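Engineer: Those protein sequences? They're chains A and C, same order as listed.
With the first letter of the first sequence counted as 1, position 194 gets the number 193 in numbering that gives the first Met the number 0; the numbers rise by one all the way through.
With the first letter of the second sequence counted as 1, position 137 gets the number 136 in numbering that gives the first Met the number 0; the numbers rise by one all the way through.
The set of hints was computed from the structure by calculation and includes no laboratory data.
Predicted, not measured: the structure shown is a model, and the values here were computed from it.
Here a beta-carbon is modelled for each residue, glycine too, at the ideal position from N, C-alpha and C.
Some hints here could point you the wrong way.
Pairwise CB distance ranges, derived in the manner of DEER restraints [claimed, not checked]:
{"hint": "1", "chain 1": "A", "residue 1": "Ala151", "chain 2": "C", "residue 2": "Asp278", "range": "35 to 43 angstroms"}
{"hint": "2", "chain 1": "A", "residue 1": "Glu37", "chain 2": "C", "residue 2": "Ile91", "range": "47 to 55 angstroms"}
{"hint": "3", "chain 1": "C", "residue 1": "Leu187", "chain 2": "A", "residue 2": "Gly194", "range": "35 to 43 angstroms"}
{"hint": "4", "chain 1": "C", "residue 1": "Met120", "chain 2": "A", "residue 2": "Ala151", "range": "39 to 47 angstroms"}
Below, in silico cross-link-like pairs of lysine-lysine (DSS-like), each with a Cα-Cα straight-line distance of 27 angstroms or less [stated by the list, open to error]:
{"hint": "5", "chain 1": "A", "residue 1": "Lys54", "chain 2": "C", "residue 2": "Lys32"}
{"hint": "6", "chain 1": "A", "residue 1": "Lys136", "chain 2": "A", "residue 2": "Lys54"}
{"hint": "7", "chain 1": "C", "residue 1": "Lys89", "chain 2": "A", "residue 2": "Lys222"}
{"hint": "8", "chain 1": "C", "residue 1": "Lys321", "chain 2": "C", "residue 2": "Lys233"}
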Amino acid sequence: MKKYITGIILVFFVATSSAFAIDGNELLKTVDRNLNPESFEMYRKLINIEPDGSKKEYIMYSVKKGRDKIASLYLSPASEKGRSTLRIGENMWLYIPNVGRPIRITSMQSVTGGIFNNADIMRLDYNAEYNCEKVEKEEGRYLLHLKAKTRAVAYDRVKMWADHNKLLPTRIECYASSGMLLKTLYFKELKDFGGSIVRPAIIETDSPLHKGYRSIMIFAKVKAKTFKDEVFTLPFISNLESLR
Amino acid sequence: MILIKILLSLFIFSPYVALAQEEYSFNLSEIEKEVEKKPYSVGGYLEFRPNLYWLDQDSAFYKLKFFNHSKRKTLDEYNFRLLLDASYQKGIANLFLRTNADLLESDLESDVDANILEGYMSLKPSPFFTVDLGKKTLNWGKGYAWNPVGFLQRPKDPDDPNLPLEGFIVASADYIKSFHGPLQTITLTPVLIPVSEDINDDFGEINHINFAVKLYLFFYDTDVDFMFLTGDSKPFSVGVDFSRNVTTNFEIHGEFAFINSFEKKFIDSNGNMFDETFDAKSYLVGIRYLTSFDTTFICEYYRNGTGLTVSEMKGFFALVDKGYDVFLNSGDDSLLTKTSSLAEKSYGKRNPMRDYLYLRISRKEPFDILYFTPSITGIYSLNDESYSLSPELLYTGITNLELRLKGGVIVGTRQTEYGEKQNDYRVELRVRYYFDAIKLLN
Numbered sequence: 000m001k002k003y004i005t006g007i008i009l010v011f012f013v014a015t016s017s018a019f020a021i022d023g024n025e026l027l028k029t030v031d032r033n034l035n036p037e038s039f040e041m042y043r044k045l046i047n048i049e050p051d052g053s054k055k056e057y058i059m060y061s062v063k064k065g066r067d068k069i070a071s072l073y074l075s076p077a078s079e080k081g082r083s084t085l086r087i088g089e090n091m092w093l094y095i096p097n098v099g100r101p102i103r104i105t106s107m108q109s110v111t112g113g114i115f116n117n118a119d120i121m122r123l124d125y126n127a128e129y130n131c132e133k134v135e136k137e138e139g140r141y142l143l144h145l146k147a148k149t150r151a152v153a154y155d156r157v158k159m160w161a162d163h164n165k166l167l168p169t170r171i172e173c174y175a176s177s178g179m180l181l182k183t184l185y186f187k188e189l190k191d192f193g194g195s196i197v198r199p200a201i202i203e204t205d206s207p208l209h210k211g212y213r214s215i216m217i218f219a220k221v222k223a224k225t226f227k228d229e230v231f232t233l234p235f236i237s238n239l240e241s242l243r
Numbered sequence: 000m001i002l003i004k005i006l007l008s009l010f011i012f013s014p015y016v017a018l019a020q021e022e023y024s025f026n027l028s029e030i031e032k033e034v035e036k037k038p039y040s041v042g043g044y045l046e047f048r049p050n051l052y053w054l055d056q057d058s059a060f061y062k063l064k065f066f067n068h069s070k071r072k073t074l075d076e077y078n079f080r081l082l083l084d085a086s087y088q089k090g091i092a093n094l095f096l097r098t099n100a101d102l103l104e105s106d107l108e109s110d111v112d113a114n115i116l117e118g119y120m121s122l123k124p125s126p127f128f129t130v131d132l133g134k135k136t137l138n139w140g141k142g143y144a145w146n147p148v149g150f151l152q153r154p155k156d157p158d159d160p161n162l163p164l165e166g167f168i169v170a171s172a173d174y175i176k177s178f179h180g181p182l183q184t185i186t187l188t189p190v191l192i193p194v195s196e197d198i199n200d201d202f203g204e205i206n207h208i209n210f211a212v213k214l215y216l217f218f219y220d221t222d223v224d225f226m227f228l229t230g231d232s233k234p235f236s237v238g239v240d241f242s243r244n245v246t247t248n249f250e251i252h253g254e255f256a257f258i259n260s261f262e263k264k265f266i267d268s269n270g271n272m273f274d275e276t277f278d279a280k281s282y283l284v285g286i287r288y289l290t291s292f293d294t295t296f297i298c299e300y301y302r303n304g305t306g307l308t309v310s311e312m313k314g315f316f317a318l319v320d321k322g323y324d325v326f327l328n329s330g331d332d333s334l335l336t337k338t339s340s341l342a343e344k345s346y347g348k349r350n351p352m353r354d355y356l357y358l359r360i361s362r363k364e365p366f367d368i369l370y371f372t373p374s375i376t377g378i379y380s381l382n383d384e385s386y387s388l389s390p391e392l393l394y395t396g397i398t399n400l401e402l403r404l405k406g407g408v409i410v411g412t413r414q415t416e417y418g419e420k421q422n423d424y425r426v427e428l429r430v431r432y433y434f435d436a437i438k439l440l441n
């Protein structure tokens with residue numbers, strides 16, 4: 000409820016006070032909180048679809064705490080089962096049960112293959128990684144121009160279109176520092192997950208670099224939950240199953 | 000050979016096999032049902048791995064292995080493997096089992112081997128305090144190909160370092176504590192390793208209880224471990240390792256180990272055995288670098304302080320040649336049998352010498368072929384300038400099926416580590432099918 004009130008106040012403030020500029024970073028924080036609570040758990044199904052229609056699916060369980068800690072456990076397919084990833088800020092690790100110890104990975108790699116890379120799958124809050132440089136008001140939506148806070152962030156610039164009333168993203172374009180469009184994310188199917196979490200249940204993506212390929216992320220059981228800091232540590236990475 | 004050809008064709012054309020053409024649809028409640036947690040799990044993989052070797056008939060290791068067989072230029076091997084992972088959770092207890100069954104068929108031998116790689120009970124009195132009892136792998140270190148600080152693990156195969164290893168029977172604990180500030184995590188891992196005639200007899204000297212500790216710190220965005228091993232089964236060893244991202248796509252890592260009073264055994268060309276005791280220092284430095292073209296470079300330098308020198312290796316190879324000549328002239332194989340036993344203990348182990356360079360270059364999904372990763376791995380013995388090169392094609396586009404075609408070229412003059420390997424070239428196909436037995440039964 001709190002976030003709706005914040006959203007309504009923000010919309011009211013923006014709509015009635017032409018004398019004041021919109022604070023893009025505050026707007027971005029609101030979008031982040033509307034997408035998910037600061038600490039929560041969720042299940043996701045990731046589907047990579049190739050131009051010939053063939054597809055590959057992954058299911059993962061993820062937990063997030065604060066602005067910069069997220070961990071994920073792959074539940075299926077069997078070839079990926081037990082793999083875990085951990086992200087603390089810009090540090091990312093992958094644990095493979097057969098190998099028996101975590102290795103460092105990078106945000107631009109993809110554990111699953113397909114268009115989603117590790118930064119997309121282990122996404123932090125947008126306001127943790129980007130500054131909003133400019134907000135444009137369009138018909139029924141805002142266009143936020145985001146710039147990466149550091150060079151370590153996966154995309155140098157991001158354009159985010161957010162619904163004017165719901166303050167949730169509808170489309171996001173990710174650009175390299177050269178200005179090249181890397182991928183577009185489409186947010187679809189608004190769903191009430193309970194506990195005041197109403198957010199798009201699907202993110203679809205395509206990329207001009209991989210014509211004809213699509214990747215889809217479906218969200219399920221998104222639930223606010225608090226975790227101890229110890230969950231987001233390297234020695235705990237092989238124990239994520241115990242949180243479910 | 001026909002089987003290999005069929006499987007190669009499958010491998011080469013599989014990326015173009017069209018699967019289901021239907022448009023995607025989904026149901027959230029079905030996904031919610033799919034993710035329901037069960038207290039047990041059973042899974043693993045089935046593997047078929049044919050190998051073809053082109054043999055080097057003049058090499059020392061060819062002579063050791065084939066001296067009492069008719070001369071051959073090639074060797075076919077057909078390997079089958081079933082790896083099973085099972086777990087069961089009840090309350091604070093978790094049981095985990097990993098078993099391995101191997102079947103080898105070749106012109107020379109037929110062999111079946113089954114093994115428990117891991118089998119232990121994990122007790123969690125609190126989420127961040129764990130006690131493990133049983134057979135467990137403890138893979139310490141940050142190196143990709145080698146781990147000088149892996150005091151409690153069996154040596155990895157640098158040519159295939161991600162293969163599961165067999166553990167030792169241990170009692171261990173993990174205590175994790177997090178903080179705010181530059182030091183974010185501390186984890187303490189004490190380990191007890193008993194060694195007797197019946198338990199862990201291949202760890203070291205029997206009838207001793209050994210103790211090891213690892214302390215992990217996540218400090219200023221850097222992973223750091225300090226560890227030691229004490230007890231009478233192995234020399235006292237102490238080590239440190241680290242890993243850190245310099246940038247998001249550039250990682251550095253390193254390990255250092257000090258081994259007190261290490262005893263090295265070696266043999267000269269006349270068959271005289273020598274013992275040398277000294278304090279050994281082993282270390283490794285490495286990088287992992289990802290380019291903007293999705294190419295990953297892993298490069299490591301390894302100094303094996305316990306390793307053999309060029310002259311010690313040459314002495315062994317000369318002795319093998321001598322033993323082979325004696326066998327050819329008189330039929331007496333006693334010298335070859337003696338050198339065979341030494342080969343198993345030290346000279347024939349993976350990378351027994353002192354200085355190595357490792358380089359692996361892999362390119363993810365080139366030419367827009369999803370799930371396809373070609374790579375090449377090189378291991379260079381700096382001491383005798385011999386090396387191996389292994390090109391590899393990996394395809395994982397079909398759910399739960401992994402196809403890998405791997406070659407091997409071994410280069411070195413006579414009396415060098417790689418020059419004396421039993422084969423010059425090798426081709427291997429690995430077909431691995433992963434399964435979740437619970438889902439298959441449902």
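Engineer: Compare the structure with the hints numbered earlier in the document and write down the numbers of the violated ones, lowest to highest.
Structural biologist: Of the numbered hints given earlier, those the structure breaks are 2, 6 and 8, listed in rising order.
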